[in-house]
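> Sequence:
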Amino acid sequence: MSPRRGTALRRALLACALVLVLAAVAAGGFAAWGLNAYRAEPGPLGEALALPAVEVEVADDAVVLAPAGGGTGTGVVFYPGARVEAEAYAAPWAPVVRDTGVTVVIPRMPLNFAVLAPDRADRAIADHGGGVDRWYLGGHSLGGAMAASHAGGDPDPAPAGLILWGSYATEGAGLAGRDDLRVLSVSGGEDALSDPATVAANRGHLPPDAESVEIEGMNHAQFGAYGEQSGDGTADIGDAEARAALAAAVTAFLDG
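Under full-length UniProt numbering, think of the first position of the sequence shown as 1, with each following residue one higher.
Rather than coming from a laboratory, the hints here were simulated on the basis of the structure. Mixed in with the good hints there might be a few duds.
Stated by the list, open to error - Simulated restraints on C-beta separations:
#1 P208 / N36: 36 to 46 Å
#2 G174 / G70: 27 to 37 Å
#3 S230 / G73: 35 to 45 Å
#4 D122 / V58: 20 to 30 Å
#5 D180 / T234: 34 to 44 Å
#6 A240 / V213: 17 to 27 Å
#7 A126 / T234: 16 to 26 Å
#8 G153 / R203: 15 to 25 Å
#9 E47 / G189: 39 to 49 Å
Note that the coordinates shown come from a computational prediction; the quantities given were computed from them, not determined experimentally. All residues carry an ideal CB built from backbone N, CA and C; glycine is no exception.
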């Protein structure tokens with residue numbers, strides 16, 4: 001091998017090594033960013049854990065809320081928003097569980113991103129679905145989009161419906177022509193991350209009879225209980241009022 005060719009080969013190998021190192025650094029940075037999740041606020045989480053009518057199981061793979069007196073046979077698998085831990089949704093779901101008797105399974109996602117495991121509902125149902133024979137899918141923000149995608153992928157068991165919080169389905173989910181899927185889409189009037197205009201613009205990707213509810217004054221982070229979120233709008237209502245309105249909308253839908 002000539003010295004010139006050897007030098008070129010070494011440069012090529014160094015370039016490949018540099019690309020691999022940069023890719024590893026980028027992947028490590030993404031992983032660290034994802035794992036630095038929005039954490040559940042202790043106060044609302046504590047209230048959910050203390051609610052006598054609701055049993056809360058904090059497992060390694062999910063947070064499960066079930067009615068203390070026995071369920072109705074209906075359940076919801078709810079995907080968290082991007083970089084939000086599962087516990088952050090115990091507070092908004094607890095009153096719904098109390099008032100409707102549904103069981104709610106909030107699965108943990110790889111690196112806290114539902115897009116990395118859009119079919120996680122299958123495992124959640126298999127591991128935590130005892131006593132439930134009728135399932136809804138749902139999610140907040142990116143979690144809702146991934147739940148919609150899973151619903152459109154012909155899962156088994158077939159979902160009875162879809163519940164979206166500050167979220168919307170894409171055209172690729174293939175839900176627009178469905179007549180076997182009940183859908184509730186809840187938006188927040190001050191949500192700057194999934195604003196009502198964007199949610200409305202994507203309304204056509206849902207079945208024609210999908211129900212839409214806008215909660216005036218509510219922002220994106222108030223769909224959970226994890227504090228302020230970067231890029232969000234400023235809420236005009238308090239967290240307790242927002243959660244009460246959200247619970248009322250979801251309860252009416254599930255009881256309907």
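> Now, for every hint given, state plainly whether the structure supports it.
So, going through the hints one by one against the coordinates:
no.: 1; hint: P208 / N36: 36 to 46 Å; in the structure: holds (41 Å)
no.: 2; hint: G174 / G70: 27 to 37 Å; in the structure: holds (36 Å)
no.: 3; hint: S230 / G73: 35 to 45 Å; in the structure: holds (40 Å)
no.: 4; hint: D122 / V58: 20 to 30 Å; in the structure: holds (21 Å)
no.: 5; hint: D180 / T234: 34 to 44 Å; in the structure: holds (39 Å)
no.: 6; hint: A240 / V213: 17 to 27 Å; in the structure: holds (18 Å)
no.: 7; hint: A126 / T234: 16 to 26 Å; in the structure: violated (41 Å)
no.: 8; hint: G153 / R203: 15 to 25 Å; in the structure: holds (21 Å)
no.: 9; hint: E47 / G189: 39 to 49 Å; in the structure: violated (25 Å)
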